[in-house]
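Visitor: Chain by chain, the residues:
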Amino acid sequence: MNGPFVSWSSGQRLLLGVALLIAGAVMLVAAAGIAWRAVQRWLAVGELRAAHAQLHRGRLDEARRLAAAAAERLPREPSAQLLALDPADPQAGERLRALASACERANDRHAVLATLGLLQALAGRAVDAPLEGTGDARLLAAIRAAHGERMASWRLVAGEDPPQRQVLLAAHTVLLRQALRLRSRDDVRLHAGALLLLDPGHPRAALLRPLLLALSPAAADEELVRAVAEAREESEALARTIAALVPERRAALTARWPGLAEQTP
Amino acid sequence: MIVCQACGHRNPLRTRYCHACGVRLEANLREIAVAVEEDREAQMAERWLERGRSLFLLGAFFLTCALVLRYAVVPELPPAVMPPIAAGPLLPPAASAP
Ligand SMILES: [Zn+2]
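One line per chain: the protein sequences are A and B, in this order.
The first sequence begins at 1 in the numbering used here and counts up by one.
The second sequence begins at 1 in the numbering used here and counts up by one.
These aren't lab readings, by the way, just hints derived from the structure by calculation.
Incorrect hints may have been included.
[What the hints assert, rightly or not] Which bits of chain B does chain A cover? Going by a derived footprint, with three or more residues having C-beta under 8 Å, they are:
#: 1; segment: 14-28
#: 2; segment: 37-43
#: 3; segment: 58-68
[Stated by the list, open to error] Heads up, incomplete: computed chain A residues facing chain B, CB under 8 Å, no partners named:
#: 4; residue: A19
#: 5; residue: L20
#: 6; residue: L21
#: 7; residue: L28
#: 8; residue: I34
#: 9; residue: W42
#: 10; residue: V45
#: 11; residue: R49
#: 12; residue: A50
#: 13; residue: E77
#: 14; residue: A114
#: 15; residue: Q164
#: 16; residue: L176
#: 17; residue: R177
#: 18; residue: V225
#: 19; residue: A229
Quick caveat, the model's predicted, so the values are computed rather than measured.
Ideal Cβ positions, reconstructed from N, Cα and C, are used throughout, including at glycine.
When you get a sec, could you build the whole thing from the sequences and use the hints?
Guide: Have a look at this one:
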């Protein structure tokens, strides 16, 4: 190295050499750290994409396993942590709160808060997740109100953030249960239809379709009985629910499941 | 270095005539010994400078590669999606049916 350093003394050149050596070593260590994290991030992106694909196919366990692997690589990334979260974990609330404060993207933060709010609403607790001005807040209020004797409902307001799909699914499920309990045919039709519309491959589709068939005047009794029988071990409970909801179908269902006669009024 | 007795110019080791004024240099043994020692130090400094420069360039190259990998090659993380959360059974419990 000559040029600008030609007039420097030996001591100065030695010092410069040592300084460059230290700077070079620091840069190498930093490069190794950045490269390692970049590779971990790359692998996590692949795992998360695979997890989302598994989720769409309804393979929840596999999706959660992949998301957990990504979450281990990126302990502070909400997109990995949220999908890996076990809703049954008693620490889930605290973990979600910590995750929400670490979110950099507004959409990620909304998804984390909606998860927290949904867990609170399903547990019957007050929702303290800040979701004001979003469709999710209205849905969560409807879920909490669904324990009462008056049919809960909500309206989506134009200009509000659209609700999260999982919150919408949970709200329709809870309100369907309330509609069946209160024997409100219109609400059963509304919520069962919405669940099938939101998720055509719904895991409980075998229960949802007969409910809609029972309420359809065009469907024959034989068709309904066949559909109820497809619910297998839940057939009898389903038949009992339908018989209570649509008394004009009771005779056809009792002929197939005689147990209904003595068990339902 | 051998200092010229006439003009004071500092000439490199193994120089017979002053590079500045051309006078024949008269170096004594002590001066030669000092000059040899200075030359040795200069060579050592040169070696360290060379090593430092090599490692600095290597570090800068790998740091650039790592930054390109992290910010240009690795794709963005997908947005966070809520995990499926069970909302309980679909059918109300038979006991609570009105
Ligand atoms: Zn001279």
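Visitor: May I ask you to test the interface hint for A:W42 with respect to chain B, counting a Cβ-Cβ separation under 8 Å as satisfied?
Guide: Interface hint status for A:W42: holds (5 Å vs cutoff 8 Å).
Visitor: Would the hint on A:A229 stand, with a C-beta cut-off of 8 Å toward chain B?
Guide: The hint is violated - A:A229 has no Cβ within 8 Å of chain B, the shortest such distance being about 16 Å.
Visitor: Would the hint on A:L28 stand, with a C-beta cut-off of 8 Å toward chain B?
Guide: A:L28 check passes; min Cβ-Cβ to chain B is 5 Å, inside 8 Å.
Visitor: Per the coverage rule (Cβ-Cβ under 8 Å, at least three residues), is the segment 14-28 of chain B covered by chain A?
Guide: That given contact is violated, which follows from only 0 residues of the segment 14-28 of chain B lying within Cβ reach (below 8 Å) of chain A.
Visitor: Should the hint that A:A114 touches chain B count as held when the rule is a Cβ pair under 8 Å?
Guide: A:A114 check passes; min Cβ-Cβ to chain B is 6 Å, inside 8 Å.
Visitor: A closest beta-carbon separation below 8 Å is what the hint needs, so does A:L20 meet it against chain B?
Guide: Holds: closest Cβ of chain B sits about 3 Å from A:L20, inside 8 Å.
Visitor: For the hint on A:A19, just tell me whether its beta-carbon gets within less than 8 Å of chain B.
Guide: Where the cut-off is 8 Å and the nearest Cβ of chain B is about 7 Å from A:A19, the hint holds.
Visitor: Regarding the hint that A:A50 lies at the interface with chain B, is the smallest CB-CB distance below 8 Å?
Guide: 11 Å, violated
Visitor: Double-check A:L176 for me: the hint is only fine if its C-beta lies closer than 8 Å to a C-beta in chain B.
Guide: 7 Å, holds
Visitor: With a cut-off of 8 Å, does the beta carbon of A:Q164 approach a beta carbon of chain B closely enough for the hint to hold?
Guide: 5 Å, holds
Visitor: Would the hint on A:I34 be counted as holding, given a Cβ-Cβ threshold of 8 Å to chain B?
Guide: Since the shortest Cβ distance to chain B is 4 Å, the answer is holds.
Visitor: Restraint: A:V225 near chain B, CB-CB cut 8 Å. Satisfied or not?
Guide: For A:V225, the interface hint is violated, since the closest Cβ of chain B sits about 17 Å away, which is over 8 Å.
The structure does not agree with the numbered hints 1, 12, 18, 19 stated previously, though it agrees with the rest.
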